Amino acid sequence: MTIGVLAIQGDYDAHRLRLEELGVSTVLVKKPEQLDGVDAIVIPGGESSTMLKFLERDGFLEKLRDFVRLKPSFGTCAGAILLAKEVENPSQESLGVMDMCVRRNAYGRQLDSNIFEADTTIPGGPLEMVFIRAPKISKLGKDVQVLATYGDDPVLVRQNNMMAATFHPELSQDKRVHEAFVQLVRASLENPVKQKS
Amino acid sequence: MSERNGNNGLRLKTGLAEMLKGGVIMDVTDAKQAEIAERAGAVAVMALERVPSQIRAEGGVARMASPKKIREIMDTVSIPVMAKCRIGHFAEAQVLQELGVDYIDESEVLTPADELHHVDKHAFKIPFVCGARDLGEALRRIAEGAAMIRTKGEAGTGDVVHAVKHMRQIVKDMRQLTVMGEEELYAQAKELRAPYELVRMVAKSGKLPVPNFSAGGIATPADAALVRQLGAEAVFVGSGIFMSDSTTFAPAAEAEIRARAIVRATTHFDDPKVLLETSAECTGAMKGLAIAAMAEADMLQKRGW
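In order, the protein sequence lines correspond to chains B and P.
Quick note: the first sequence uses the working numbering, first residue 240, plus one each step.
Quick note: the second sequence uses the working numbering, first residue 319, plus one each step.
Please note that the accuracy of each hint is not assured.
Below, in silico cross-link-like pairs of lysine to any residue (SDA-like), each with a Cα-Cα straight-line distance of 25 angstroms or less [what the hints assert, rightly or not]:
1. B:K375 to B:D358
2. P:K591 to B:L300
3. P:K525 to B:E259
4. P:K350 to B:N344
5. B:K292 to P:P590
Hint data in this document are derived by calculation from the structure and do not stem from the laboratory.
Quick caveat: nothing in here was measured; it's all calculated off a predicted structure.
Based on the provided sequences and hints, a complete structural model is requested.
Quick look at the structure:
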């Protein structure tokens, strides 16, 4: 199993290190053709507006969109924004694959960044959540499963083989969120999604 | 490390720097430039009254930018906004924190306010970035609470030679530590004038405990790629994008092309094909000022202790 980590900019190295701790081989993906060699993709935290500049050239966005329709994907923070069907504050382009609306910088600026603990459906007790200039999931489609909430807000969600977090599990010691994603990738390798029209 | 707002405080501070890695932070002097920077793919902007090359050319006391101007820039872009305070000027830092900027640069580009002390950065919730020329200076700033280090280089010159010198020095100093015996680290800490605990931490990991960026004279896509290949995790570009010489702004369209090209070169720093494309796209770079021809007294990098 090889998992790609989108490495245009952001904390892709933290994701790479975490996946390697879990025994998964990784590829840092900077160009569309590199998607051909990976079984899944992680879209890291960073600035979604910067990542879009790169995705909007050389057919990267279309290629990535086709990829995440067939193979597992996991987005954290900026990654969650890019996976969402709708983005607000401001409205911007995205892959548009997860049935949710994400509001950028919804909690405020860096002064409002914080670390919390909250419950999750992933076994093993409460999860530490590092929120940095975090977005908020403001609307959620009925097919999206909530894996963790903070207050009233869904913060970790799953739809088929897509996962998204508005916080940064890659910046915590707790490996459970990445383990859950690796399991999902493993399951998808056993049962690949058939190409849909 | 002692952190008065706790280990979580430091994690949040370095956490934002993690999000900026691989990106370009651009100096801007108004909302219009900030918009251009964001559109070109900057990961953050540094809000300034004057860019370093103007400060250098015009002289006078350089202070924190006016809060009104910083606010205008914060209201314009969705990416993080940084602002500079003078070395040791903790009251300017308090103003910037109250304003809610995302990062404070305690910067040698502004006129220092204290000849002995830097700001006690642990006392703030907002993260700080500080300049350094070598590992000792970097670790002194980290001991004071800096959550990101950048090379000083020589700001406002468009000459990359000292950004290179400082990055090479920091990397070399770190490499040296990794091959030293435990007993040698005590003497080396004295030599570096840095806390032993931090010296030991670097000796074990071979890298700084906070992100390590580069600044000070980066003006072209190839400059950005150069410092990235030398170990910088992201780059600050000051006068190099919006200026055509020390005091004249480049046409907006030209600045935007440069900004885009530097952003692309920073991500694809190890891909000569992209570097050729981005270098070819740029029409002209800032005229600049050769550091070798500069009097030592004019060097901003000497500020900071």
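Hint by hint, here is what the structure shows:
Only pairs whose Cα atoms come within 25 angstroms are accepted, and K375 (chain B) paired with D358 (chain B) is accepted, the gap being roughly 17 angstroms. For the proposed pair K591 (chain P) and L300 (chain B), the alpha carbon gap of about 21 angstroms is at most 25 angstroms, so the pair holds. Distance hint between K525 (chain P) and E259 (chain B) is fulfilled; the C-alpha atoms sit about 19 angstroms from each other, no more than 25 angstroms. Distance restraint check for K350 (chain P) and N344 (chain B): the Cα-Cα separation of roughly 21 angstroms lies within the 25 angstroms cut-off, and the hinted pair is therefore satisfied.
The suggested pairing of K292 (chain B) with P590 (chain P) holds, with an alpha-carbon distance near 20 angstroms, which does not exceed 25 angstroms.
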